[in-house]
Amino acid sequence: MKISYSWLQEFVDVPYTPEVLADKLTLLGLEVASLTPIGKNLSNVVVGEVIDLKPHPQADKLKVCTVAAGAKKYNVVCGAPNVAVGQRVPLALEGCVLPDGMEIKKTEIRGVGSQGMICSQKELGLGDDAAGIMVLGESFEPGTDFNSAKGITDCIFEIELTPNRPDCLSMTGIAREVSILTGNVLRYPVYSKPEVLEKQDDNISITIKDPSLCENYSAYIIRGINVSPSPFWLANKIEKLGMRSINTVVDVTNFVLLEMGHPLHAFDLNKLKGPQIIVRRALQCEKIITLDSKERILDKSMLVIADSDDPVAVAGVMGGASSEVSVETTDILLEGAYFNPVSIRKTAKSLGLSTEASHRFERGTDRVGFQKALQRAAYLIAELCGASSISPLIENNALPAEEKFIVCNTKKISSLIGVELSHDEIVAFIEKLGIDIVQRNHENLKLSIPSYRVDIAIEEDIVEEIARLYGYDKIPMARPGSTYVECEVNKKLIYSRFTRDVLVGAGFYETLTCSLVSESVNKRIPCWLSEPNMPPVCVQNPISEMQKALQASLIPNLLDVVAVNVKHKAEAVKLFELGNIFVPVSPMQAHEKYMLCIAVAGNIEPASWHGSAELWDFYKFKGFLVGYLDILDIKSYMVDRVTLEYLHQGRSAKLYDGDTFIGIFGQIHPSVAIDLGVPENTFIAELDAQFLIDKMNLRGAYSPLPKYPAVERDLAIVVDRQINFQQIAETLAMFEPPLMEDWKLVSLYEGDPIPEGKKSLSLRMRYRSADSTLKDEEADSVHNDYAAQVVRKLGCELR
Amino acid sequence: MFEIKSQISKIKVDAESLIRSCENKNEIEQLRVRFLGKKGVVTALYKNLKDITPEQRPEVGDLINTLKDEVARELDCKQSFFLRESLRSRLVEEELDVTLPGKPVTLGRIHPITKVLQRVIDIFQALGFSVAEGPEIEKEYYNFDALNIPSHHPARDMQDTFFIDVGTLLRTHTSPVQIRVMENRKPPVRVIAPGRVYRNEAINARSYCLFHQVEGFYVDKHVTFADLKGILGHFSREMFGAKTAIRIRPSYFPFTEPSLECDVSCFLCSAKGCRVCKYTGWLEILGAGMIHPAVLKAGGFDPDEVQGYAFGMGIERTALLLYGINDIRLFFENDMRFLSQF
Ligand SMILES: [Zn+2]
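Respectively, the protein sequence lines represent chains A and B.
Read the first sequence against this note's numbering and you will find it ends at 799, with the numbers running on by one and no gaps.
Read the second sequence against this note's numbering and you will find it ends at 1141, with the numbers running on by one and no gaps.
One should not assume that every hint holds.
[Claimed, not checked] For lysine-lysine, the following DSS-like pairs were computed, each having C-alpha atoms within a straight-line distance of at most 25 Å:
hint : chain 1 : residue 1 : chain 2 : residue 2
1    : A       : Lys593    : B       : Lys914
2    : A       : Lys287    : A       : Lys349
3    : A       : Lys622    : B       : Lys902
4    : A       : Lys411    : B       : Lys914
What the hints contain is simulated information worked out from the structure, not anything from laboratory work.
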């Protein structure tokens, strides 16, 4: 909302510069977002009066004006379409530099001398109107300095009001806050009844069908008016605050809106059928063309102002075109009302139409004070438009406003703020706020809340007001954290930190990607945890197709990150992300699962002058994953082949523990690699982090180190190629002798001289006794028996 | 007897001079064979012992033994000299250009958002706050209604919302965790709730459709506005430096009353005024207030018995300010050239 510094001075003495006022208002909770000075540094601009006008001999569109400024007369060539004899205008003379940098000089325009320039609002930096020259009011005395005339230089504040303070959505609202702050008197607009016939019997029927949506509807009938362009002072005031000047009637309603904060509307009375006013809900599919020339289709939740036949306005949002005030209008009905905020908001939302009026009505207007604004506007219109008569206030007060009371306790106020404020201090603050104390009972006060403070509803609201006036900056800082409150261990947090540290130490970069993805992503890379063909859960109102679906896997985004970095010539890409995925269980329901996703591509380390770099391969990646699980002390899992369309079918695997699917890993499918523009040796893993959190043991466990040396024995076997390593490992486990400590695969070989369809493995077993040094013969005997059992079970040959 | 004695002395002199003039390891080995080998000169002396009277044998035997030891020592000495020499030359040959680049061993990076988030969590954990989390797909009730933001309240405009279904949405803040925690615990509670939140906003340099937030709250019998101010001051100094000042000013959030916005003195320009702080010297980083009685009630707490404060901050915003980054999208692009800077 915009506020004019010079206009503000009409309502309260402001003892501060604009900059200081901006700080004060901000600290009072009315955040000033910007300050824009206007009309500064305009020297050598005078008020002139156009006393003669001749066509330019050489150019049809130009005119040669004689402009009088006091005793002096100037010849000025002007091209504005609206220049006319008798106008008072701003005349820039030699030496003036306009805000856009243009310097005024005596010059010759197509053969005719010109001693200055008559300026438009825009040229003077006073507004956006560049259509014609600025025409000043009668209050501007020709020959005087334009700059020092009232209302020309100003400072416009842009205030970002929070939605709870509709009472500040006006000049007088802000003036009230300044008055509370400074203690200076607030001067509400002063106006008097115009010298116009008050036609006592001029009346119109007002019906309110649903008082819960419209408590009070009031109006004036003003007849015999002459609708014309607004005088300078009026147009200037509303234009400075960002409104367009249209005509006297519309401008006055906007002026009063800005001044007193209450939206008003004027109807052309002769276009209202009946004439009568019915405040009712719209019929289903009833139509209205609003002032912006758009047809609006209404429904029965919306409130309209109707005449005897049709809606003539969407209540509190926008008027209808059919009853719009125009230059032909002679009689008007000026409306002021209190509408239900929720109803106005719903209507504005569903019509997609937010106006100055709806903005205020939906935040809550002054249900008592609006009649003052209505009267102010009616009198002003009657005066400015030369009305022949005005009616008394016509009113339907369907639901009289109730006075609002709050009981508060000064001890509690003091205790919530945490500052020792005495009872009397608090009372003084309350009085300063203009809140009446209607009852006093020791610490308890009964307060009557002014109708414009719609936000004050409970005791805590009074606390805020008092804290605000006392000064948030003066409240002391208590020392934090003195009381003991039982703490909860957060295993997820511990896991996440540990994992980040481990992975970062292993050379991985942490990434964070957008949880909202394109729906098509899921088709290419579906969630391995959901039922097949289950679509991802989507938001109903996406910003774009690209951010529509909730990611059902971290893999697609992480692969995109690989691609981005490969594109930027990163040589060794090692990435991970910890985050939630949304496993769809039905079209609008998903389980949130915390996952760890890891991706690697290309070189393990960047190539350097030392020679070719080592590349990632399946076993290196698997080795890394196993190492990671090992440091979490997670050992109870199995690995098996898995088929996923986006992974290389021969180089992808799942991790599982019984029936629990822990994760997947493998090389991405070569065609996916081509599509994404990533290296063929790109590997990806996605693990269920919640499983890891549940199973991890970061505490560690101690067992004594062995005292006696170990003995190693090798076993070389030739087995069928189809027998996988897991089967061999299971067989070894089956016959494991007590003295065996460990075993490992030391080599794997296929090809000559090993027969076709076979492979050769050498295994190295380590034997150790806990209580003596193992003798060679003992080890031989144990090993030979073990080897024999394994060979027999596997049906393989010793080599 | 005399003969053998002079023989011993001669051998000794010969050996010493030969060993001295030795030029390499091989020659030492040859001398070792010549003197001490099975058919060596010294070994031969022992055979001559039988020609000596038994009375004189021990004396001569000792002389031969001494000779043997001395020759062996001389040989060893010379040998180790050659070893040292060869090692020395090898070390010279093995010299490297130590200024050449090493073989790359890259270490990873923690994401800047995580870094800031962890810092915030650390500060509050040290003050005795627990860490709680809630779902990202949230019930409209927890996200709005329970937080004193009824339907059709203008405050809902403050947070553009993504809807999933009727009554279900992507949470717009982590404040719903406040209610969820209160529902499951008895006062006193002192909790922070970090997490991802969503806003239906166009993606550009200043805004993104999601960000990370930390919400914190403390409910107990006598928690005051001054306590809140204390915690904000402490946090700001820990986070932005010991000299950081805070400025708090009234604001509005439906779930707190009184409400405030907290600014910290601009750490980019030492509060002198710069482009980022819009020449005010202050940076807005945090919203807070005393928990609204309606919110305490919604969480099952009795507002006549307990009171509390709550605060919330955006991590991306803080990170943008801390690092002087001007485009929020960089955080979600994950360009390693960007990530490697943190
Ligand atoms: Zn600054």
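Hint numbers contradicted by this structure: 4
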